[in-house]
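One-letter residues, chain by chain:
Protein chains: 2
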Amino acid sequence: MKPFNVTILGCGSATPSKMRNPSAQIINIHDKLIMFDCAEGTQIQMRRFYIKNNRINHIFISHLHGDHYLGLMGLLFTYHLFGRKVDLHIHAPKDLRQIIEIQLNVSNSVLCYSLIFHELTPDKLLLVLETKTFDIYSFQLKHSIPTWGFIVKEKDTGLKVNKDFIKQESPSFTEIQEIKMGKDYVNTKGILFKNHEITIAGDKLRSYAYCTDTLYDEDIIPYIENVNLLYHEATFAHDFVEVAHNKFHSTASEAAVMALKANAYQLVIGHFSARYEVLMPLLAEAKVIFENTILAEDGLKIEVSCPC
Amino acid sequence: MKPFNVTILGCGSATPSKMRNPSAQIINIHDKLIMFDCAEGTQIQMRRFYIKNNRINHIFISHLHGDHYLGLMGLLFTYHLFGRKVDLHIHAPKDLRQIIEIQLNVSNSVLCYSLIFHELTPDKLLLVLETKTFDIYSFQLKHSIPTWGFIVKEKDTGLKVNKDFIKQESPSFTEIQEIKMGKDYVNTKGILFKNHEITIAGDKLRSYAYCTDTLYDEDIIPYIENVNLLYHEATFAHDFVEVAHNKFHSTASEAAVMALKANAYQLVIGHFSARYEVLMPLLAEAKVIFENTILAEDGLKIEVSCPC
Chain A
1 MKPFNVTILG CGSATPSKMR NPSAQIINIH DKLIMFDCAE GTQIQMRRFY IKNNRINHIF
61 ISHLHGDHYL GLMGLLFTYH LFGRKVDLHI HAPKDLRQII EIQLNVSNSV LCYSLIFHEL
121 TPDKLLLVLE TKTFDIYSFQ LKHSIPTWGF IVKEKDTGLK VNKDFIKQES PSFTEIQEIK
181 MGKDYVNTKG ILFKNHEITI AGDKLRSYAY CTDTLYDEDI IPYIENVNLL YHEATFAHDF
241 VEVAHNKFHS TASEAAVMAL KANAYQLVIG HFSARYEVLM PLLAEAKVIF ENTILAEDGL
301 KIEVSCPC
Chain B
1 MKPFNVTILG CGSATPSKMR NPSAQIINIH DKLIMFDCAE GTQIQMRRFY IKNNRINHIF
61 ISHLHGDHYL GLMGLLFTYH LFGRKVDLHI HAPKDLRQII EIQLNVSNSV LCYSLIFHEL
121 TPDKLLLVLE TKTFDIYSFQ LKHSIPTWGF IVKEKDTGLK VNKDFIKQES PSFTEIQEIK
181 MGKDYVNTKG ILFKNHEITI AGDKLRSYAY CTDTLYDEDI IPYIENVNLL YHEATFAHDF
241 VEVAHNKFHS TASEAAVMAL KANAYQLVIG HFSARYEVLM PLLAEAKVIF ENTILAEDGL
301 KIEVSCPC
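Top line first, the protein sequences correspond to chains A and B. When the letters of the first sequence are read in order and numbered with our numbering, they come out as residues 1 to 308. When the letters of the second sequence are read in order and numbered with our numbering, they come out as residues 1 to 308.
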């Protein structure tokens, strides 16, 4: 099975605390690294958790509250300093472009790599990155300023072809692609191999959704339904539900209800208020509603997995 | 003697490294905290080194390269989050105002405290902060973009009045001020106390100069002459003098020559390139020229002291 995992670089909210850095995470999907959010200190967290920053080509910024993007300029300058050559794609709310440009201008900086800006738009569910083996979609969340969630989905790349058969018959690349799509195979001696004899089903398709910052919002359920791993913010425990709603945030219980209603396989809660040194009460209240819940933690690497 | 010391929060250049954070430092002068530069991660460094950030009312930004100011927005948001009430003064190149304003605007933030912006201007030596017991002046450095150095100078607050005399005669506050300025004292019984009998000389006046980033530049000598503690950048060792000059930086040897020619008492070198894990060669080459040199180090607290 190809790699698909999430490394949390920061799961605190609002300000760096001694327990946790603000939002940032790295998704390793099929050995491509994608960044979701980039709070102040993210570069330092990457070094701390052995993430190779030169393998990141796409950065997604959910919204323009400082605790989700203030580490980006430093990272852009660092890429420049180390002579990056590869294009860097930023997917973000439109105003970030101006914030970047003005800071490049005042420092007389002309980056040595191409920065390609993709403006997030208020569509319901929009394909924002398409690759051969996975896609990323954006959708809007309900927060005090325009905010987006993201879902990363593996693509169906067809059946798996039996390795012994490949060794024995040496089919061409094109022939393998045809077999993966369901075709039978006839070798040079005219012997027929029925498709079901030389293939097995492909791996189950996995998906990961990132939902922060947001009120509890059932409108997003169609976009994240059946997701394997759901990261949902849980800034507060449910006894602070009024505070949470006033600040356009969710509680741990609400995150769990969302996971339950969306039929997620696993829930990871994060974006914790700095008021919580101990997070067990948040985990406990979520687990009552949705058992397969874990707590985000800086440095934690979570495999995106399927039900057995 | 009143406190006057400098705590280094970051002494690296360009990018955070595992050895050191980029530029920021706290000057404690007479129990007032002043910040010079505010790189990404400065908030975290303040927590690490037990600096109470709510005691800072003035922040000076030398120039708009990211490694000198990218931690400022996060700090401004943190002050807001914790309900700061006291005015905060930012002394910085003019474009920083726009960089701050746009980031407040996109996040719909109206700070709960007053942010008072003081634009640095290209004067030779300009008084930018005046208090009862110390002053701060700015002056221009020679870097690739407009850059300022700063010097903090204690003020002459007069003679010290003998404590036993005060206990015995209980002079009024106004009378004490007059004695400090050189007047004699006559008590209610008509007894004359000659000024020299009831006073001793005040403490020697101390000063601290912050010079980063800059080429070696003798034009600044008149501004920093006889300074007690000189922080001068030494981004490179002298075998990299060409690289240093191409990047508008100084070498450790040049920093030492500057300390010597300016008749400084002590030199602290900093703003080290990330290429140097070991700094002893930089210290050695500076000490050959100017013996009383020390290396900056994150967390180091340096007393601004006088020759014995």
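Accuracy of the hints is not assured; some may be wrong.
Unchecked claim - Taking lysine-lysine pairs in the BS3-like style, the calculated list, with each CA pair at most 27 Å apart, reads:
#1 B:Lys261 x B:Lys247
#2 A:Lys189 x A:Lys204
#3 B:Lys204 x B:Lys261
#4 B:Lys163 x B:Lys32
#5 A:Lys18 x B:Lys52
#6 A:Lys301 x B:Lys194
#7 A:Lys2 x A:Lys94
#8 B:Lys155 x A:Lys18
#9 B:Lys32 x A:Lys18
#10 B:Lys194 x B:Lys153
#11 A:Lys153 x A:Lys94
#12 B:Lys94 x A:Lys85
#13 B:Lys301 x B:Lys32
#14 A:Lys32 x B:Lys18
#15 A:Lys85 x B:Lys32
#16 A:Lys52 x B:Lys261
#17 B:Lys160 x A:Lys247
#18 A:Lys18 x A:Lys287
#19 A:Lys2 x A:Lys155
#20 A:Lys2 x A:Lys247
#21 A:Lys204 x A:Lys153
#22 A:Lys155 x A:Lys183
#23 B:Lys160 x B:Lys94
#24 B:Lys142 x A:Lys18
#25 A:Lys32 x A:Lys163
#26 B:Lys94 x A:Lys94
#27 A:Lys18 x B:Lys163
#28 B:Lys189 x B:Lys204
#29 B:Lys18 x B:Lys94
The hints are simulated quantities; they were obtained by calculation from the structure and are not laboratory data.
Verification of the supplied hints:
no.	hint	verdict
1	B:Lys261 x B:Lys247	23 Å, holds
2	A:Lys189 x A:Lys204	35 Å, violated
3	B:Lys204 x B:Lys261	21 Å, holds
4	B:Lys163 x B:Lys32	25 Å, holds
5	A:Lys18 x B:Lys52	14 Å, holds
6	A:Lys301 x B:Lys194	77 Å, violated
7	A:Lys2 x A:Lys94	34 Å, violated
8	B:Lys155 x A:Lys18	39 Å, violated
9	B:Lys32 x A:Lys18	25 Å, holds
10	B:Lys194 x B:Lys153	30 Å, violated
11	A:Lys153 x A:Lys94	24 Å, holds
12	B:Lys94 x A:Lys85	32 Å, violated
13	B:Lys301 x B:Lys32	15 Å, holds
14	A:Lys32 x B:Lys18	25 Å, holds
15	A:Lys85 x B:Lys32	46 Å, violated
16	A:Lys52 x B:Lys261	45 Å, violated
17	B:Lys160 x A:Lys247	55 Å, violated
18	A:Lys18 x A:Lys287	26 Å, holds
19	A:Lys2 x A:Lys155	12 Å, holds
20	A:Lys2 x A:Lys247	39 Å, violated
21	A:Lys204 x A:Lys153	11 Å, holds
22	A:Lys155 x A:Lys183	19 Å, holds
23	B:Lys160 x B:Lys94	41 Å, violated
24	B:Lys142 x A:Lys18	38 Å, violated
25	A:Lys32 x A:Lys163	25 Å, holds
26	B:Lys94 x A:Lys94	25 Å, holds
27	A:Lys18 x B:Lys163	45 Å, violated
28	B:Lys189 x B:Lys204	35 Å, violated
29	B:Lys18 x B:Lys94	32 Å, violated
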